[in-house]
Every structure is written in C-alpha cells, then in structure tokens.
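Trainee: Here is what each chain is made of, one letter per residue.
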Amino acid sequence: METSAYAIELKGISKAFGPVQANRDINIAVPRGTIHGIIGENGAGKSTLMSILYGFYRADSGQILINGTPTAIPDSQSAIRAGIGMVFQHFKLVQNFTVLENVVLGAEDGPMLNTSLAKARKSLTDLSREYELDVDPDALIEDLSVGHQQRVEILKALYRQADILILDEPTGVLTPAEADHLFRILKGLKAQGKTIILITHKLREIMETTDNVSVMRRGTMVGTVKTAESSPEELAELMVGRKVLLAVDKAPAQPGDVVLSVQDLRVRDEAGVERLKGVSLEIRAGEILGIAGVAGNGQSELMEALGGMIRASGNVTLKGSPLPLQGPECNGQSRREAGVAHVPEDRHHHGLILDFTAWENVAFGYFNDPKYQKNALLMDNAALRADTARKMETFDVRPPIPGLAAKNFSGGNQQKIVVAREFEQDPDLLLVGQPTRGVDIGAIEFIHKQLIALRDAGKAVLLVSVELDEILSLSDRIAVMFDGQIMGTRERAATDEKELGLMMAGITGKGEAA
Amino acid sequence: MDYATLLQVLDATLRLATPLMLACIAGLYSERAGIFDIGLEGKMLAAAMCAGAVAALTGSAWLGLLAGVGGSLIFALIHGVTSITFRGNQLISGVALNFLAAGLTVLMAQSLFGQGGRTPPLNGEARFQPITLPFAETLQSVPVIGPFYEEVISGHSVLVYAAFAVVGLTWFVLYRTRFGLRLRAVGENPAAVDTAGISVKGLRYGAVLITGVLCGLAGAYMATALQAGFGKDMTAGRGYIALAALIFAKWRPVAAMWTCLLFGFFQALANRPDVVEAVVQFKVPVPFLTALPYILTVLALAGFVGRAIPPRAGGEPYVKER
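Keeping their order, the protein sequence lines are chains A and B.
The end of the first sequence is residue 514 by UniProt numbering, with every number in the run present.
The end of the second sequence is residue 322 by UniProt numbering, with every number in the run present.
Treat the hints as calculated values from the structure; they're not laboratory data.
Quick caveat: nothing in here was measured; it's all calculated off a predicted structure.
Be a bit skeptical, because a hint or two may be false.
DSS-like cross-link-like pairs, simulated, lysine-lysine; straight-line CA separation at most 25 Å [as the list claims (entries may be wrong)]:
1) B:Lys320 <-> A:Lys92
2) A:Lys202 <-> A:Lys250
3) B:Lys250 <-> A:Lys92
Take the sequences, apply the hints, and build the full model.
Mentor: Structure, rendered in structure tokens:
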C-alpha cells in the first residue's frame, strides 16, 4: 500500500461534543511530500480535526488512512507510531528539563536513561545539521527563546521519525525573521519527502508556503484548492462565507492636540529587573499609535503602567494634567475617571470575569457611574442590563443575552463585550492591547472598523499588538519596542514590514545592533 | 555535653528520623508526579494501626509490616481515585483522609482489642529487633570511631537501614531511569507527557501507590520498631513534619534525607531538654524544640534558603485539552 499518493486521507470524520457538532463529515486528502494548509475561523473545527488525527480525541465516525492504509488512532502513542508528529500552539515542553530530556521523554530506548540520552544527543546533532534546527541539547527549556522552543518541538517529532508533521498556529509567537526561518525549515523538510500540515489563520503564510489549502467553516470542510490557483480574498470569503474586507478602509489621520505625553517611563518587575527602560512617546487626538514588537519586550508593562495596573516612574500627562504612577491614586478606577479606557491584552485575566454575566462584566470599572445608581445605597441593575443590551446590539455581540455568563460566549464575542464596555465610555485616550487575539476574521473586521471610527471621532488610541499586519493596517504612526525601549517611531506611510521586522529584532534602521 | 551523651542523641536522631525519611520520600514520589499529598499523616497512622494489630495477632513483625503497607495502600488508592480519576481537590482529599484515619484507627483497635484504642504491647518476634552490625563489638575499642559505629550506626532495626536505602534508590530512580524522567515530567507538565503518548493517569497512580508503600513502611516502623504497638494519634504530626522537610529539601531526595536527619535531631533534643540546657546554659522550652522544624520550614518558604519551587503542575488535576 506504500504506493498511495496520499500521506493522509480522512474520510467522513464526524465528532460532536454534546450538542456541538465540531466536525461534520470531513473529507481531506493530503498528498505526500507537500505542505498543506488548513484555515478556518476560530471554532471552525481545525484543532478538533487535528486532535483526532493525533489521537487526542476519537472521532464518532469516519476513517483515517495513513499512506493508504486504514489506521486506528485511539491515542497519541498510535499516532506517533503511524509517523505523525504534532507541534502544538502552546508548546508541550517541560520547562525545567534540558532540550535533550524533552526530546527523549516518551521515546526512551530502555528503562535506564544514560543510553537513551547518549543516542538522542547524537541524532540531535545530525538532525540539527540537516535541517537548520540548531539548539543546545543541554540548555534548559526555560532559558530558550520561543523560536528555539518551537525548534525543540519539531526536533521531538523528527526524533520520533515523524513523516507527517502538523503545526498548529506556529507563527503566533515568532518574530518575522523567526517565522521566515521556520518556513525555511519546513521547506527543507518537504524537500526530504516529509508531509506538513500547517494550521493557521494568517492568509499570507498560506499563500507563501503551502501547496494546497483546505478551508473549514463551522465544522465542515468547505473546500480544498491549489494555493497557486487561489487568492487571499477567495480564501477569506470561503472561511467566512461572505465577502470580507481584508484591508482596513481609512481616511488619512487628522491629528489634533497632544492627548497623552509619556516621558521616561520606567517599570521594574517583582524581581527588580527593569522591564521598561525609559519610554517616551506622544499621542495626538485623532491618531492611532501602534506599538509593534515581539511579545515580552515591554509592551505589556507599558499598557499596564498607563492603565494604572502596575507602579512605574516617570512623567505621564493626559491633556496636560499628570497621571499618578505611584501610590493609591494609581489604579484602573481613577484612570477611567480621568478619561482613559483600557482593553487589556489578556481578556481572560484582566478584561472579564468569566463566571460573571455579560452585564456584570459591562459594569466593571464603571460601577460608580451615576447612571448605574438607583440611590445612594443600591445599584440600578435594570439600567445596567438595559445598557448592556444596547451595547451588545451596537457591537453585534452574539447571542445578545445580557444575563449569559461571559464564559459561554465565543472568544470573539467575549472580546466584543470588553471592547463595547471600553469604547462606549467616550474616553479621551484608549489603550488597546491585542484587540483581535483569538478573534475570528468577521469580528476582527468589526473591531478594526470601530477603532478607526473612534480615531475619526478625535480620540487618541494606543494600540499594542503582536500581529504586525494589524499594526500596519491600523496605525498612523508605529513605534517598535525591543527590550523595554522604543527602537524608533515611524510614520506608517514611510516604513514597511522589513524595516519594522529588523527593529523588532533589535536592529535599528541604520543596520547597527542596539 | 560529653561524647557519650552526643552519641546517645545521635542514636535517637537516627531512630526518630527514620519515619520522617520514609514519609518524606513517600511524599516526594506523589508530589513530583503532581499530586499534593497532605495525607501522609493519615496513611502512616493507618499503617501503624494495621501493623500493630496484625503483629499482635500473628506474632510476626513481618506480617505486621505487610499489613501496614496494605492499610496505607488503601488510603493511597482512595486519594488516587479522588484526585486522579475524579479530579477532586487534592488538599481536601488529603485532609479528609487524615481525619478518617485518626478516627478509624482508634475505632478498629478498640473493637479488635478493647484496650482503649491501642493495640496490645508487642514483644519478641512481633517487633523489629535491633541488628548488630558486623565488627560492632570488635571495633568498640577504636577511639572515637569505634563507639560511634557501635552506638549510632549499628544496633538499629532493619527498617532504619531500609530508609537510607530508599533514599539512594529514589535518587537513582528519579535521575537515572526512564520512570524517573517521566515522573518528574508529569509533575511539571502533564500535557508534555500526554502528547508523548504516555499515560498521565498511569504514571500518577504509580506514584501515589509508591507513596502508599513507603508511608506503610513509615507507619509500620512506628508501631513495630520505634514503639511496641499502636496508640491513639501515635504519629503525632510526623506526616506534616515530613511534608515540611520535603518543602525544605525542595523536593530532592538526598536533601530530603539531610533535612529529615536535622528534624530528627530536633526531636531527639526535645526528648532531652536536660542536654540542651547543659549546652546553651539556659532552659529552652520543649515546645520550642518541637516547633523548630516548622519554624525552619516557614523560613524556607519565606525564601531565606533560596526559593522552594514546587512541581509546577502540583495540585492541579490534568484535563486533556487541545
């Protein structure tokens, strides 16, 4: 049966979780030695399908053929035996183990470790030479960059002799340069005859790297096309089921007076390490300043310091009056009273209480607002519910039920609840962190439009996102952060992805390292 | 303090450190696998009662030991089922088992023997007897080392030596074997183990059962070697001291041994306030000596002896997710 042209064929795969049909009669055939993209919105069933392929879930019905042979995959062990390797979006690595130990885990040669480790060390050297996958076998995972951790995941799969490699949203955490390196590795693997399945929501990556692409929507397979014969617009339309505006439509900015002025902002973390090393910036009314950078270079600290969540030093003024950076006056409540709205980067930890209802969540940060008070003692919950219902309608939150717990909304709709709460307060300054993380294309389009509308209404917007595309399409000016500092600020029209990518890696426009 | 007194205290240290060491290593397996076990105390108590009862009934310390391990295993299994299979709260399960053991052991001892919740005093074969190591007699004349060997090293029951063997074995298992690698991994990141195709539940059950066996040894030692029979609450918080030692030792076997020896030394001193008074020239309250292990652990947790980082997945039931 080795003659089959397909590395993987899935026939009629269905899977339901309770009443939710996650996969419905999925058929897909992946030719051997190709890079096959799978795209779809959040909740389209991509991850479920791949989890079935990797033995995490069992399909309710359907058949899996590996190299033409029907194969049962009841657990991950069988998937590994069938030659399938998986690189998860959130790496499955043991942080305080060495690279070597992580690679060997589960693929040991015998009950004693020494022989396994010695063998792994040797084949790791070979693998890294062959595929540009160099990592220090004795380094601890927690000391490695995300890009290197991902290489360890790939090495793990290759060490287990995987012929089929599945990568789930592999570039979400990488710099553009790291992503390019990853795609070089993938192309090298393909040249060696490996089959690669790439799950992503980034159309550009699909267009650049894949041979074929399958599109999923609401648990069904909408279609498989040859990448070369398709276009991003066509794929987006297939994903969402209607025409989608990929480019953000916006008029040139009309910047007014300076709203936010930040001088020499410094933040130390609990361990005393300086995370913000003297950041200075200005935002005017009616403009969006985008902060680009790889996650963890101080963007979060900048947002949290401006939002009053953490202590900082320096000078920050909003419309000329200073914002407290220390002491009891420095908190989210007083910031909101001063006219700063904040869509936090991590909506689950800072934006919402998942077990609370939508209307309770809408009150957060604003529950002292006079319009929500019945009298001196009691809150006016009815007014709050009515207000929530109105906001849900304006922001197209589905389902529009104020009494539903936040956790029961999809990621995109949760984000819309947060966005609705903050946008509707008519702030002078809007801090927006990762507004579309984990949000599907339809909702992204909507949130982007709302951001532009706020800008046009004369608000100052500070946008932090790890998605460079998002920064590029929304911002009027772009500042790049690296290692707690601003590497430089560019007018949107005067820069491009390449220059920003270099700055994100700590190299300034003039070529010298910082 | 003269040399002879020091040797006496050290001898007592070894005897008192043994149950701590066994219980501490027991906890190490469970906690390294990501299952917090506050129920060491309860398991020791159950084992002590079973061992005391069976040794009294059969007259064999070894059968008592076997029964002790069995009793402890039952408690370990309950903890495993609640926290692994049913993903219950591990602290609550542990606390509940401690309460259950405290009551049940006395009840059973009372209904079996009717001696006020104790088992009958053991003697002869029903108790583990001290073993005199070779050359203990002949070396006695050698200055300093001879008496040390004879008094401190030699003359303990087999379980004392077993405890030290368990420490060495555990170090080897943990750092030199496949099982150890997987065990450490499952306590840090069970998802990594799961995706590598290894059963998280299997590993955790294995670890919890090892914990059961070792707690069984610790409890049986209490009833059939350190003392002669089971008595109400005879473990007297040793399970918690072992837990404290585990934290103090940062979940490492050899460090755990030294910590238990130190805590055992404190217990030995608490038994000899006269010696302490003679050394420090003023009266130290016995409760202070008894509390020393806990004080040290609080200091350790406050970060005075470096950071004690527990296994990262500890206390959290593993739920498979995408």
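Trainee: The structure should be examined with respect to each hint, and the outcome stated for every one.
Mentor: A quick look at each hint next to the structure:
1. B:Lys320 <-> A:Lys92: holds (12 Å)
2. A:Lys202 <-> A:Lys250: holds (22 Å)
3. B:Lys250 <-> A:Lys92: holds (24 Å)
Checked against the numbered hints above, the structure violates none of them.
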